[in-house]
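*Asks:* Sequence:
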Amino acid sequence: MKICVLLIITLCFFEKVASHKSCHPFDAIFNFGDSLSDTGNLLASGSDTFLAVQNPPYGQTFFKKPTGRFSDGRLMIDFIAEAYGLPHLPPYLNLTNWQEAHRGVNFAVAGATALDAEYFSEMGVKGLWTKDSLNIQLGWFKKLKPSLCTSKQDCDKYFKRSLFMVGEIGGNDHNYVAIGKRNISQLLHMVPLVIEAITDAASELIAEGAKKLVVPGNLPIGCSAMYLTAFSSHDEEDYDRHGCLKELNDFAEYYNAKLKLALQTLRHKNPHAKITYADYYGAALRFFHAPVHYGFTGQTLRACCGGGGPFNVNISAGCGNSGSKACANPSTYANWDGIHLTEAAYRVIVNGLIEGPFSSPPLSPPPFKIGYRP
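Heads up, the sequence shown is in the working numbering, so the first residue is 12 and it goes up one at a time.
Hints may contain errors.
[To be verified] Pairwise CB distance ranges (calculated):
{"#": "1", "residue 1": "Ser132", "residue 2": "Leu199", "range": "16 to 24 Å"}
{"#": "2", "residue 1": "Asp249", "residue 2": "Ser158", "range": "45 to 53 Å"}
{"#": "3", "residue 1": "Lys76", "residue 2": "Ile326", "range": "38 to 46 Å"}
{"#": "4", "residue 1": "Lys171", "residue 2": "Arg252", "range": "45 to 53 Å"}
{"#": "5", "residue 1": "Gly254", "residue 2": "Pro203", "range": "26 to 34 Å"}
{"#": "6", "residue 1": "Pro157", "residue 2": "Gly254", "range": "49 to 57 Å"}
{"#": "7", "residue 1": "Arg252", "residue 2": "Ile326", "range": "42 to 50 Å"}
{"#": "8", "residue 1": "Gly138", "residue 2": "Glu247", "range": "29 to 37 Å"}
{"#": "9", "residue 1": "Lys257", "residue 2": "Lys76", "range": "50 to 58 Å"}
{"#": "10", "residue 1": "Gly319", "residue 2": "Lys168", "range": "52 to 60 Å"}
{"#": "11", "residue 1": "His113", "residue 2": "Gln275", "range": "45 to 53 Å"}
{"#": "12", "residue 1": "Glu258", "residue 2": "Pro157", "range": "24 to 32 Å"}
{"#": "13", "residue 1": "Ala218", "residue 2": "Arg172", "range": "39 to 47 Å"}
{"#": "14", "residue 1": "Gly334", "residue 2": "Gly254", "range": "30 to 38 Å"}
In case anyone wonders, no lab produced these hints; they're calculated from the structure. Everything numeric in this text was worked out from a predicted model, so none of it was measured. All C-beta atoms in this analysis are idealised placements derived from N, C-alpha and C, irrespective of residue type, glycine included.
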């Protein structure tokens, strides 16, 4: 894979006959999701939820200031855009000129769910960060579309060379219920509903002209500092040998297996579209199982930024709030603030997605290495 990428770069640089399209498989990226890929929409929405993301130390590693990203630096979507020679995606709610959208837009909103907010209201679940669910984000895309292309022929040509990231989303649907009700068993009946919402959105995007889509699965939530704190147990049997909660990781595996089956059905219905499953779970599990191998010499299950406790997760002193502090070197930690990961962890996951073997079918080879700024 590395030899292939090097060959592409060499040809693009030295051969005048090499076309731009042969070097860059995508002209634009459109991203839908939650806080794993939100580059500023939650802040731009005017929400007063989790305003700490606008405070240091968020953004300290790469941007040197808070940007609305829930990490110390770049997110997976940033690394993906860079690898394909595209700019970091502007948040939809910050667009001032539709021309800014031509190379891609980020519709993701931190706290967003795959299911609409009304579902959680009927369940009696409170505390949603936003009502900008996947369906709302899809509506934003449809509103923007006439500014991107006019005729069906133009749209087909444009979207043929665009990448659509449909998630990760769905994690918050489970987070709100699991954390709010402290009950994991209630999550199982939600799985078909969440997956249906995601595949329905993917189907609508295909109907709008999308040809290449990536649909990620869930992370190993049993290794999340937030879940390790919320579901702390005195029974050693509840944990695997790496210190992760087995029941939660089993649920993530169950959800991901069901999602993959649904995507297989979606492929049969849309043979003209390339629908890639991104295995966030497998790509991330590597550094939880062998942290030092990936450069994580800090406490992998402990948050870098927080207000204390066994996993440095303290709701009354969350990252960015008074009473919290960050570790000296976030690149040695996988977990950033208890819920989200560090830039270093996101880089490892994207490496696994692009260089393999954690994308099925594989993504198009990028012209640049992960983390390289063209």
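*Asks:* Confirm or reject the claim that Gly254 and Pro203 have a C-beta distance inside 26 to 34 Å.
*Replies:* Holds, since Gly254 and Pro203 (Cβ atoms, about 31 Å apart) stay within the stated range.
*Asks:* Take the C-beta atom of Gly334 and the C-beta atom of Gly254, compute their distance, and say whether it sits inside 30 to 38 Å.
*Replies:* Violated: the Cβ-Cβ distance is about 25 Å, outside 30 to 38 Å.
*Asks:* Taking 50 to 58 Å as the stated bounds, is the beta-carbon spacing between Lys257 and Lys76 within them?
*Replies:* At 39 Å between Cβs, range violated.
*Asks:* Honestly, do His113 and Gln275 meet the 45 to 53 Å range at C-beta?
*Replies:* violated (33 Å)
*Asks:* Quick check on a hinted range of 45 to 53 Å for Lys171 and Arg252, using CB atoms only.
*Replies:* The hint (45 to 53 Å, Cβ to Cβ) holds, given that Lys171 and Arg252 are roughly 47 Å apart.
*Asks:* Taking the beta carbons of Lys76 and Ile326, is their distance inside 38 to 46 Å?
*Replies:* Violated - the Cβ-Cβ distance for Lys76 and Ile326, about 25 Å, lies outside 38 to 46 Å.
*Asks:* In this structure, is the beta-carbon distance linking Asp249 and Ser158 contained in 45 to 53 Å?
*Replies:* Between Asp249 and Ser158, where Cβ atoms are some 51 Å apart, the hint holds.
*Asks:* Regarding Pro157 and Gly254, is the given constraint of 49 to 57 Å on their beta-carbon distance met?
*Replies:* holds (51 Å)
*Asks:* For the range 39 to 47 Å, tell me whether the beta carbons of Ala218 and Arg172 fit it or not.
*Replies:* violated (18 Å)
*Asks:* Tell me if the beta carbons of Ser132 and Leu199 are separated by a distance inside 16 to 24 Å.
*Replies:* At 21 Å between Cβs, range holds.
*Asks:* Return holds or violated for the Cβ distance of Gly138 and Glu247 against the range 29 to 37 Å.
*Replies:* holds (31 Å)
*Asks:* Assuming the hint says 24 to 32 Å, is it satisfied by the Cβ distance from Glu258 to Pro157 or not?
*Replies:* With a Cβ separation near 47 Å, Glu258 and Pro157 fall outside 24 to 32 Å, so the hint is violated.
The structure fails to meet hints 3, 7, 9, 11, 12, 13, 14 from the earlier list, while all remaining hints are met.
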